[in-house]
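Q: As a plain string of letters, each chain reads:
Protein chains: 2
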Amino acid sequence: MKIGILGTGIVGNTIGHKLVQRNHEVKMGSRTAKNEKAMQWVAAAGSKASQGTFKDAAEFGQIIFNCTKGDISIDALRLAGTTTLSGKILVDVSNPLDFSKGMPPSLFISNTDSLGEAIQREFPETFVVKTLNTMNCSLMVDSTLVKGDHDVFISGNDAAAKATVVKLLTEDFGWKNVLDLGDITGARSTEMLLPIWLRLYGKFGNANFNFHITK
Amino acid sequence: MKIGILGTGIVGNTIGHKLVQRNHEVKMGSRTAKNEKAMQWVAAAGSKASQGTFKDAAEFGQIIFNCTKGDISIDALRLAGTTTLSGKILVDVSNPLDFSKGMPPSLFISNTDSLGEAIQREFPETFVVKTLNTMNCSLMVDSTLVKGDHDVFISGNDAAAKATVVKLLTEDFGWKNVLDLGDITGARSTEMLLPIWLRLYGKFGNANFNFHITK
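For the record, the sequence lines run as chains X and F.
Number 215 marks the last residue of the first sequence (my numbering); no jumps.
Number 215 marks the last residue of the second sequence (my numbering); no jumps.
Okay, chain X solo, but in the shape it has when bound (with noise of 0.2 Å):
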């Protein structure tokens, strides 16, 4: 599949070199159609990776995934363009963190609305999917990472593309446990969860857990 990744940190590198390694077109997307950190991602991915503007990244996927961070997502897939997201299904794994006032950041929207919500407002007609934001990049492509069982949230208003990033998170990324928390608004309950993502990653010094829901 052609796949688009926006943002050119630690989670989009991760999670392009799994969609790589597992067969995919990934195209890698930044501000600058030479972004350096994009060129060293390409080098090292191989043939199947290439990059370019967000625009470009939007155009070439089927799939997009939205790996900026939350305070610029929104700017990032403006640059994307309406009508390049349009009719394209949006993996949104951001998380609204601000951390202007230290750490541990807050969340800059949440309670009454979320960044996933605000981005499916923006481009009504993209079928934005949240999930993944609630672990670590490393877990995100791997679930085997963690021991035991443990889920992946997953959001959004539209099921069929829901269904296309369910097969993906379990084929390509090893996910056995995939919650539907229904619609988009479900991405607040699942950002929320960052507060205590944060406080746990605190405690035990690593990434090396996830959320699980016992029933």
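Every clue listed holds true.
Pairwise CB distance ranges (calculated):
| id | chain 1 | residue 1 | chain 2 | residue 2 | range |
| --- | --- | --- | --- | --- | --- |
| 1 | X | K147 | F | A33 | 50 to 60 Å |
| 2 | F | F204 | X | N206 | 27 to 37 Å |
| 3 | X | N206 | F | G87 | 32 to 42 Å |
| 4 | F | S138 | X | A33 | 54 to 64 Å |
| 5 | F | R22 | X | I72 | 45 to 55 Å |
| 6 | X | A207 | F | N208 | 28 to 38 Å |
| 7 | F | R31 | X | R78 | 46 to 56 Å |
| 8 | X | A160 | F | G81 | 55 to 65 Å |
| 9 | F | A160 | X | E171 | 44 to 54 Å |
| 10 | X | S86 | F | R31 | 53 to 63 Å |
| 11 | F | K167 | X | D75 | 48 to 58 Å |
| 12 | X | S138 | F | D149 | 14 to 24 Å |
In case anyone wonders, no lab produced these hints; they're calculated from the structure.
Just so we're clear, the structure is a prediction, and the values are computed from it rather than from any experiment.
C-beta atoms are modelled at their ideal positions from N, C-alpha and C, and glycine is treated no differently.
Given chain X, put chain F in place with the hints provided.
A: Frame of chain X; chain F shown alone:
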């Protein structure tokens, strides 16, 4: 042990019954000395149960449980009295749920603050311990209702107070996994679990589930 319960609703009722069963002496407190629900609870719970005002219950207990609704918790605790609560352990199981905008409720305090912290600020001489607020009250007092590994979180500024509460959670309520999140600011991270808890409750149609941190 002598325990005060503030609140006559289902949470106070359930915790009160369990503590009496476990051979503690329990006084349920409410706004008035002769609250009908409190009197019914006493009649059902037996000779170790009694009732009175918030202040009566707070004076009676070595440990006090705040089982009032979040939006009236601080008022109820003021009626119990700053001096009365001074030096005592207050187990805060409440949540800052705001039902005024319809279902599902949002949180009237969150993100950069929490109800647990607000209570600690208002009653600085009280040892506030936030716990049990991330589940249904039946599960609070009987961890075996959910099979498999699952967790109760605890936050508070005083290590000795937390140790006393952990002992009660373990011995009286059957908890095996108590996850210490550190000081009372941990309360904001557990109160922010309510949105996903409510979402899952809607999805499953019952409250027989709980959070587990898989490592």
